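**Student:** Those protein sequence lines, which keep their order, are chains A and B.
Heads up: the first sequence begins at 1 in the working numbering, then just goes up one per residue.
Heads up: the second sequence begins at 1001 in the working numbering, then just goes up one per residue.
Hints were generated in silico from the structure; no laboratory data involved.
Be aware that a few hints might be false.
[What the hints assert, rightly or not] Below, a list of computed lysine to aspartate or glutamate pairs in the DMTMM-like style, where the Cα atoms sit at most 20 angstroms apart:
{"no.": "1", "chain 1": "A", "residue 1": "K191", "chain 2": "B", "residue 2": "E1190"}
{"no.": "2", "chain 1": "B", "residue 1": "K1084", "chain 2": "A", "residue 2": "E24"}
{"no.": "3", "chain 1": "A", "residue 1": "K84", "chain 2": "A", "residue 2": "D211"}
{"no.": "4", "chain 1": "B", "residue 1": "K1084", "chain 2": "A", "residue 2": "D194"}
{"no.": "5", "chain 1": "B", "residue 1": "K1084", "chain 2": "A", "residue 2": "E6"}
{"no.": "6", "chain 1": "B", "residue 1": "K1084", "chain 2": "B", "residue 2": "E1036"}
{"no.": "7", "chain 1": "B", "residue 1": "K1208", "chain 2": "A", "residue 2": "D211"}
{"no.": "8", "chain 1": "A", "residue 1": "K210", "chain 2": "A", "residue 2": "E61"}
{"no.": "9", "chain 1": "A", "residue 1": "K84", "chain 2": "A", "residue 2": "E123"}
{"no.": "10", "chain 1": "B", "residue 1": "K1191", "chain 2": "B", "residue 2": "E1168"}
{"no.": "11", "chain 1": "B", "residue 1": "K1108", "chain 2": "B", "residue 2": "E1036"}
{"no.": "12", "chain 1": "A", "residue 1": "K84", "chain 2": "A", "residue 2": "E190"}
{"no.": "13", "chain 1": "A", "residue 1": "K208", "chain 2": "B", "residue 2": "E1123"}
{"no.": "14", "chain 1": "A", "residue 1": "K84", "chain 2": "A", "residue 2": "D194"}
{"no.": "15", "chain 1": "B", "residue 1": "K1208", "chain 2": "A", "residue 2": "E61"}
{"no.": "16", "chain 1": "A", "residue 1": "K208", "chain 2": "B", "residue 2": "D1060"}
{"no.": "17", "chain 1": "B", "residue 1": "K1210", "chain 2": "A", "residue 2": "E61"}
From a predicted model like this one, the values you see are computed outputs, not experimental measurements.
Chain by chain, the residues run as shown.
There are 2 protein chains.
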Amino acid sequence: MQTHLENQLQELTQELLTMGGHCERMIHASVKALLEHDLGHAQEVLTWENRVNQLHVSVDEHCMNILTQAPVASDLRAIIAALKINNDLERIGDQACNVMQNTVDLLKAPAHPLPGGLSRMCELSMAMVREALDAYVRRSPELAQGVLLMEERVDALKDEIFREELAEMSLDRAGVARGLDVILIARNLEKVGDHATNIAEDVIFMVKAKDIRHHHAPESGI
Amino acid sequence: MQTHLENQLQELTQELLTMGGHCERMIHASVKALLEHDLGHAQEVLTWENRVNQLHVSVDEHCMNILTQAPVASDLRAIIAALKINNDLERIGDQACNVMQNTVDLLKAPAHPLPGGLSRMCELSMAMVREALDAYVRRSPELAQGVLLMEERVDALKDEIFREELAEMSLDRAGVARGLDVILIARNLEKVGDHATNIAEDVIFMVKAKDIRHHHAPESGI
């Protein structure tokens, strides 16, 4: 039979997965708007954002409640991880809203092909969120490690898109606003990947009691 | 006489204030580089970032240790707040590095006046961080409320800078890369303000046991 604490931890996981599901739908709708010029789900994204915001508050409350029972070891780590994952999911939702907002602006300008790397970036950042949540639900450091490996590719694609768009903006004055929207979208997708990376790091911490933050990526120089 | 828990909580506050001090120095050095073309502290920013990253890991460890003693009520809220503030400070440090990085790029281009709103944005975002940390150390919801009121002005300045730079980039092809750097710097400063706002919200939660997130700002429409 499960203890009260085990039940509560299971409910917490379930709540975060519900929240993660909303976030995935938000990114999916924003990416669909961007790649297929389909704004049909723009308003739904706002509805999902409201739900994500409500869950953001309620997950923290539940963590607080469970912490009053003095959990230790892996249970304590599970709650600390939940607090952090909660934060990252809320921000993933924000980034999805930003992508939708920039896409709405972008679609006001005359149609123009998007940089090739952008659809790959969309796929990769969605995959990172999906696999980070999968790593969380399966308590799998191996899946989490896979997410960390994807981050570099997302960053490289962002740099490629920045270079391409900047070159195009310098050639075509009329396309400056459009280019900026594309750059900001690439930046938002990069952030989605960053937050998925944070979730993956939290899964590794939760399962292996090892804090790998600030260790797996090389320091950037200025 | 202070209890062991009280001592630990005081040490935690002190550790976060040290971290906050590094973050303030990082933003200050980046803003000085931007406004006075003084790159003298660029390398120091990286050194401070390393210290912030080390503190980021160590503050979480200390929070975990204190949580094993089953703190309740305001003590528990103080630790939850510390976990969150820790996260926001680390990101403020990241944003300061981004500002420095974009400034290094910007200073490679021929000198050009910066938009008037940018120095006001620098001042405001630095003030938000300073006052959020002040609100934290004094446990003052009133000071925290003052930080929340500044967020709107920072956002308005960012919008103004975006519009101005976009207009200029459309007129002057040679200034496209420069304009993009200015836009990205404005965006980073806005994020600094966002994180200071989060810290202010955490102070209100810690002192008044009231979660005001997602309540004080109007929902954005798409």
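**Student:** Among all the numbered hints in the text so far, which are the ones the structure does not match?
**Tutor:** Checked against the structure, the hints that fail are numbers 2, 5, 6, 7, 8, 9, 10, 13, while the rest are satisfied.
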